[in-house]
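Visitor: Model the placement of chain B with the ligands on the given structure of chain A, informed by the hints.
These are the residues of each chain, in order.
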Amino acid sequence: MNPLRDTALVFRRYILQTLRNPVWMFFGIVQPIMYLVLFAPLLVKVASSAPGFPKGGAYNVFIPGLLVQLGLFGASGVGFGLISELRMGVIERFRVTPISRISLLLGRALRDVVIVTAQSLLLVICAIPFGLTINAGGILLALVLIALIGLMTASLSYTIALAVKSEDAFAPIVFGATLPLLLLSGVLLPLQLAPGWLRTVAAFNPLKYAVDAARAAFNSHLTDIAVVQGFAVMLGLGIVAVVLAARAFGRAVA
Amino acid sequence: MTTAIAPAEDAALAPDGGVAIRTRRLRRTFTTRGGGTVEAVRGVDLEVRNGEIFGFLGPNGAGKTTTLRMLATLLTPTSGEAVVAGADLLTQGGLVRRRIGYVGQTGGSDIIETGRGELVFQGRLHGMSKSQAEVRAAELLETLEIQSCADRKTQTYSGGQRRRLDIAIGLMHRPRLVFLDEPTTGLDPQARAHLWTEVRKLRDSGTTVFLTTHYLEEADALCDRVAIIDHGSIVIEGSPDALKRQVAGDAITLSLQGEHENAFAQLQALPFVREASAENGLIRLYVDRGETAMPALMRALDAANLEMATLTVARPSLDDVFLAKTGRSLRDDNPN
Ligand SMILES: Nc1ncnc2c1ncn2[C@@H]1O[C@H](COP(=O)(O)OP(=O)(O)OP(=O)(O)O)[C@@H](O)[C@H]1O
Ligand SMILES: [Mg+2]
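Line order of the protein sequences matches chains A and B.
Residues in the first sequence are numbered consecutively from 1319, following the numbering used here.
Residues in the second sequence are numbered consecutively from 107, following the numbering used here.
Everything labelled a hint here was simulated from the structure, so no lab data went into it.
Every residue gets a Cβ at the ideal spot worked out from N, C-alpha and C, and that includes glycine.
Any given hint might turn out to be false.
Unchecked claim - Covered stretches of chain B, going by a simulated chain A footprint (3 or more residues, C-beta under 8 Å): (1) 177-190; (2) 194-205; (3) 213-221; (4) 227-241.
Extracted from the complex, chain B is given alone in its bound form:
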């Protein structure tokens, strides 16, 4: 019972030092009513290090929530294994639950309870005494700036207040690892920025944060490392900077005057173009350095008798990474 409320460091119990989560070939298949099967997660290998903010990025239905729910002991994996917070997911579920916090995509507070009531109850579920839970609840209400509505039913909360309460609930027992499933979806930019600050503070106090998001900017700005999941498989994993460097340099997007049968092939073949894609008449070229590639590109276009209609040069984003890896844009699924 004491371990439940102790701070996050009983290092003796973390055999694979430095690693908060390690999964091996984690799979989950659902059987649907009609008898068909959905392969929601197909063999995910992940490594999340202690004390980092790890972002799990992917379009709708990619398998983010399913993966999270498996790691939080809510769903039994169809196959595969994992170590979560130093405990074996399959054989030590109780230990995992004691050490992690989980904030689901839909939250977890009851609309007929007050925020403070939910926090105290959560503390009690984790074995705290009433007074311990009350002290901790007051602390979190202050940190997350929801004191003003603490004693109202959560039914009356704004979206941002409710999300912050959900997160506070997940942090009640000072878990060493916390899962946040889309913590900022539906928040206005100000509330989102506020939450980012809180998440960074969490990390700085030694908590590992595993979050999912649709927002590329969020993953880029907030996360130390990200994994992109698509159709149940990890497409790529690493720090946002490394991913962008590895997959694509700067992106040059251009369109041409008139129709040109083999313009794309010609541009793709240029020595300094690392990767290229074409979509809706727009040609996108990935080059190591935009500023040196531009003059060379101009010359090549001249030589081929092609004339540009539009041109933009952009530093790469995680969307470019996704696009380069899957041929689709993340943004198409989630205009935001």
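Bound conformation, chain A alone:
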């Protein structure tokens, strides 16, 4: 069958499921806004007093990090839904149809990417009155980056879900993996403030490059080496994750 048509079909099913669940939508949006309202004001003080704080103003440093966090947290839990579908026999049922195997993954991952990107855009808009200075090109670039993070994270989440097949095993793996990744990426506070050893460890964290790239984009350094690095790292990992997930979907659901 035609993979494009099939992907659109699968995408439509899942985006409708998400839109029909307003509670989930609400919390997905409210969480980043809470950071904006309840945490960001602290940063304004830090930004003006800490000597190592990067230029660009507190919000232009903080919002890019928040977006990366949203991409990671927003997409990391998508495996839960897949596990419940496995249990209900829904995935097995899909697999006994001529639908192209890769569409089962791409359709749902596309839904996750769209949701995460839409939430990111909303967050950016909400941050403008607080003092975020924007430029269209930088924001567009940052949103593409978040979409890539969403795609990678969702694919990995599905891969893990298909491997462990139970919420009990899935939850600790996902929470255990996302938190250190976030802390070691300079999401909340820039790593420029960190001691040397922490920065060394963080250099091995792919997410750090995404955060650096997003910050550079937000501060109009669109051709900065950080942007190139961030995109390269996320694109490479994104492709690896999609391949892994597609293979997991293709294998028997034994």
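Guide: Below, chain B with the ligands without anything else, positioned relative to chain A:
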């Protein structure tokens, strides 16, 4: 794409005319976490003919679901081969999937979707257009009498409504062969009878039905032919009547007054007794014709100075077939 929704008859593509499924030495082994292996299916040879209701009968864990999932392309056989709906299972999986319907033991509808929504989506997965799928969905909702709940989330369905929806989903694309894994488990007698009628109608419209069941009466009443599987191997295969005739005639179950060391051996040795088994003090004798065997049995008991305590004569059931073949009763595993 057109083949997906065409009725079941592109006969040119069925080389082994008349046969819906043929398996050869189909095996499946699972490796467990601890490193051990489970031989779920050990060399199954089956032949299911076009247009029949074929029943796959066996106790829990016998390998029914595993066999079905292999035939539906969900599991790769460890070894062996099969032709399913005219396509080679190992090399033409896509073709098999287009031609079969599969209704799993746990169903396959999502509780947050509506029945109608699931039917239409299933049609779309099989390449139908939206309007084609909607028409077909309405048709099936009516046939299976689930219109009243069609637009509610399936979460709210009764067990019977959910099972009927699952089956409707499996029939959306008018498959020539449909697998039903325990279609009636958990249904009340009325819902079960209703489903039997639907399954017969399916067969009468030319669809081959391959179903598994725990219920002996179901296999007996509904299926044209059955295969009994136990510990991953086929024990016996044939029409219910033929099996009962072949394995055992009428069953005489009796118990004796007092203890008698060699009573069983004596009864077993009687010329008209074809097979005998003893379980919990009950002796079961299989004879060709109960009505002629009874007087002879009485005389033999008299001559041996044995006195009967209880006696029943029964037409054979498929359970007797299973018992005769395995020495165990199917019912012990599944009191129902
Ligand atoms: N994924 C698996 N991993 C390990 N063992 C399995 C797996 N699937 C099935 N088995 C084992 O294979 C055997 C056959 O299981 P199967 O589900 O085919 O039985 P069944 O005849 O359908 O039983 P039931 O009537 O209970 O549905 C069982 O011992 C089961 O535990
Ligand atoms: Mg089973």
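Visitor: Against each hint, give a clear statement of whether it holds in the structure.
Guide: Results of checking the hints against the structure:
no.: 1; hint: 177-190; verdict: holds (count 5)
no.: 2; hint: 194-205; verdict: holds (count 3)
no.: 3; hint: 213-221; verdict: holds (count 7)
no.: 4; hint: 227-241; verdict: holds (count 6)
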